[in-house]
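**Q** Below are the chains, spelled out letter by letter.
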Amino acid sequence: MNDSGDSATEPGSLRALILDNQRVIDDLNARVQRRDREVRIIQQISSEINATLDLDQMLGLILDSLDRVLGFKHCMILLADEKLAQLSVAAMRGYKDQQTRTIVQVGQGPIGVAARRRRVVRMAAMGTQLGYAAAVRGEMGQEQTQIKLPGLADVQSQMALPLIVKERLVGVLAVESAAPSAFDELDELLLSIVANQCAAAIDNARLYLGEQERSELLDRTNRDLQHLNDTLESKVRDRTAELTQAFADLERRKRQHEELLAHMAPVDLIPLMVEGRLQASRLTATVMFTDLSGFTAFSAGMEPDEVFAHLNHYFAWLGDVTSRYRGYVNKTMGDGTMILFGVPVASPSHATDAVVAALTLQANAASTISLAMRIGISSGVITAGMLGPRNKSMYDILGETVNLAQRMEGSAPLGGIVVTPATAELIQPYFVTEALPDLEIKGLSRRASFRVIGMRTLKDDPRRFDPSSRFAEMVTPLQAEIEAFKAQHLSRVNFISVQARDGAFYHNETVAILALALQRELGRQDRLSASTSDIDEQAVIRLALVHDLGKRAIDPRRLNERGLSEEDRTSLRADLESHTIETLAQLEFDSMAEAVRALYRFEAQQQPHAVFDALTTIVGIADIFDALVAPKFYKGAPWTVRGALEEVARMPIMLGEQRGFLNVFAELMRPASVSLTMARADVPKPIID
Amino acid sequence: MPHADPVTLPAEVMPALQGAIPATIVTCALDGEPNATTVSQVHYVDRNHVALSFQFFSKTIRNVRENPYAAVQVINPVDFSVWLFDLRYDHSETEGPLFDDMDMKLEAIASMTGMSDVFKLRGADVYEVLAVRKAPWRRT
Amino acid sequence: MTSKIGEIMLSEDIVEFLHGVRVFALGTRSPALRPATARVMGVFANAAKGQISLFLPNVQCDPHLANLADNGLVALTAEDPRSHRSYQLKGSVVEIRPSTDADIAIRDVYRDKLMSYFRQHSFVPLPDHFIGDYIVDPSTTITFRVLKIFNQTPGPNAGRPVDFIPVEG
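For the record, the sequence lines run as chains A, B and C.
Counted from 1, the first sequence has number 729 at position 503 by the numbering used here; the numbering is strictly sequential.
Counted from 1, the second sequence has number 286 at position 123 by the numbering used here; the numbering is strictly sequential.
Counted from 1, the third sequence has number 124 at position 106 by the numbering used here; the numbering is strictly sequential.
So here's chain A without its partners, still in its complex pose (with noise of 0.2 Å):
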């Protein structure tokens, strides 16, 4: 709190801000939370109050309440003699000398004005007030005087309320305190619903009643209870607002300091910078390098404010893309800039996160900036930590890695990407790569360098089926068959986003791929012609490729995690279903969420009887086998297309029915050197010998 404001940029004063606007939100809180419990108190003591109609034990009781349940110590109620103008004390709590004064004049002090005017009077520092006046008295050549009152001696806070029934003021209601400023806004609130139930039941009392009148008396008492109990809610629901209101303020101003701490660090980082738990760490990660060419050419006729617009729209749309794909832009040199992947949260996709990130920017570069850019991307061992003077420091990271990054994009050729063997054996599985000549690196020893070409397709990757398989004749006509049916009837889904956040790359095309080859030789083969002879391609395609586009909701951290437990599995596989037909929902496609559905269910079933329809099936299969051969970050080596086919014919599922559809499958991924046995639909033995 000794910081004064100018050095709001400062992350120390921040913490401390951020720190403080905490605390008070908290006190906040409690503040609503207390206001909550009294009503509820005073609910109570209204009951206890309207149950009696002797007024010495009234007025005992409700004093017993103030003290007892409100802690109100020091309390008096006093009833008003209209003929002379005066109060007299009926009542007291509190006090341990005998009183000797009980009467309070109309008009004389707190209460005295309470009565007067019917209003709240709520006092506080009275002895500082009462020595002003006193001095501005003696200012006029006037002896002081000070007149003496019922109640303590050493005054500082008193509360008085009048006690009004149908427009007469019967009493005075009146707390008071020695210490300065006792009593708030609540209090009043809370003790002017009592000063309401107190003057009714005064008045009550006051009244002698036959039992029928009585009754009615009590009804109507217990309708204006139930009506001060309304009012008491929406009185509450306002300061609440106006609570509500102070903390919504703070918040803003929280997430303003946070806004300002995410322009230094990763927001990922801002709880622990608040906390001033931030400590430098070694991670392993992936750097990434852009430059644009031409810049300085492009900009030479401009004028800064113009350059600045430029470059800001272009980092921009770069941070979108990165972040995108969990990069953090760290920062900005000229119109170069430095983005970490993996860093501050260690991820499994931090290579393939740059690189497809890479390839998206250069993919569209040209359309955003009109200019070339250059990519250089390294993997490896990184430090980061806070860097930098301590009212400038910034999210850093140090390493050769980083070296290496910068160096990869200098030698990027225009529009390129350009990797470190170590990136490179990373994305390997996912992507296609070439060998670039040696660099010479200053400073460090001779390095190979790969430049990436693009995402691997099924065409390109051997291990997702065997090249001498009669699939894999038809590979490539499919592949361009589905990547049309994507362009012209998914164009708004970005696949490769969501495959991205478990590297599944090339999954759900490559799925649709199998499907369909399976349903055409089914369809040719005619073996199954009752149930696959009006089973629609395009059903087949489409469940294919949005069954699992529920990921995009789902945590990448979730996706990824190695040796999950039966349970999670089962919540993993039941958020993803559910996500899915949101997902589906949001492309109008609402229709799938049945075969969506379905397909969830044979993937999960254990029942070897159980009976699915054709497209379930068919899909069903091909996604089975294609999460077994293709890579994944939290697999170590996939399986082998043998060995894959082996593990689905296992699967319950496939022992009943289903069997016959797999057959077909098996028969179609083959190698062209093993024979298949084809057993019978109800014995479980292998379907390759």
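Treat each hint with caution, since some may be false.
Said to hold, decoys possible - Calculated pairs, EDC-like style, for lysine to aspartate or glutamate (alpha carbon to alpha carbon, straight line, at most 20 Å):
1) K297/B x D151/C
2) K222/B x E365/A
3) K166/C x D194/B
4) K297/B x E113/C
5) K67/C x D130/C
6) K108/C x E196/B
Hints were generated in silico from the structure; no laboratory data involved.
Note that the structure is predicted; figures quoted are calculated from it, not measured.
Fit chains B and C to the supplied structure of chain A, relying on the hints for placement.
**A** Just chains B and C now, with coordinates in the frame of chain A:
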């Protein structure tokens, strides 16, 4: 002076607005003469307004009607921290809930000191709080 | 000595008042007529010269030194926290300098007296340091020539000029 973000009085300053320790207000006449005076209480009005009562006309009241800016210091009676406010005179009230509340409090005190006849509230000057800060303080 | 126009000698009463347990506040104004205030940590009144030196912690000097450099106009209130008797002294700056050891000694006596007064008269238990928590060093001494004195004790006479004694030759 346009300013986008209204100031919110921090909760920490509230005890200083109860009148336990008199406050000081500095204003400036249009001829350039600054004027400092003690006031018994700076009253809280809402999150970015405070009010000063006046029973007697003064240089302060004249000054802010010529030049609305005022600087105020109040002292928190709990820890004696000093709070500095930059204010701008907004308007004066001679009736309404704020005036009545201040008037009743004054009446309560006046009636206890035999001053009811002279100690009358003439008006409540409402000021907008432009800035509030705590004077430098050794410990937090 | 010859009398100088506008110069006043401070009366014994005023000097005695200023050297007691008082709450002081400084007022200055900027070239744009924006007022500013600060808590003053004690004063020394030189009756013969009609000058007052006030001690202002450097952390509270902003914007007062700039304001005084612009126009030299000082307004100082002094209030007796017990009786609420108070005065306003207006004048023009003569000298601004870093506080000397002698100034600091006067200031520290003032501070101790103020603390002990509040300890005796506070309505609430006070923390150990309270006034001792003000940052007072380093400190600047601002000396001004008193040109006008006003009674500011609350009441109908507040704002009336106090009679002053011209410096005699």
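**Q** Regarding the pair K108/C and E196/B, is the alpha-carbon distance no greater than 20 Å?
**A** holds (9 Å)
**Q** Hey, K297/B versus E113/C, does the alpha-carbon distance stay inside 20 Å?
**A** violated (28 Å)
**Q** Taking 20 Å as the top limit, are the C-alpha atoms of K297/B and D151/C close enough?
**A** Given pair K297/B, D151/C holds - Cα atoms ~13 Å apart, limit 20 Å.
**Q** For the pair we were handed, K166/C and D194/B, check the Cα-Cα distance against 20 Å.
**A** Given pair K166/C, D194/B holds - Cα atoms ~16 Å apart, limit 20 Å.
**Q** Verify the proposed pairing of K67/C with D130/C, using a straight-line Cα cut of 20 Å.
**A** With Cα atoms ~27 Å apart, K67/C and D130/C exceed 20 Å; violated.
**Q** Mind checking the alpha carbons of K222/B and E365/A for me, to see if they're no more than 20 Å apart?
**A** holds (18 Å)
Of the numbered hints listed earlier, those contradicted by the structure are 4, 5.
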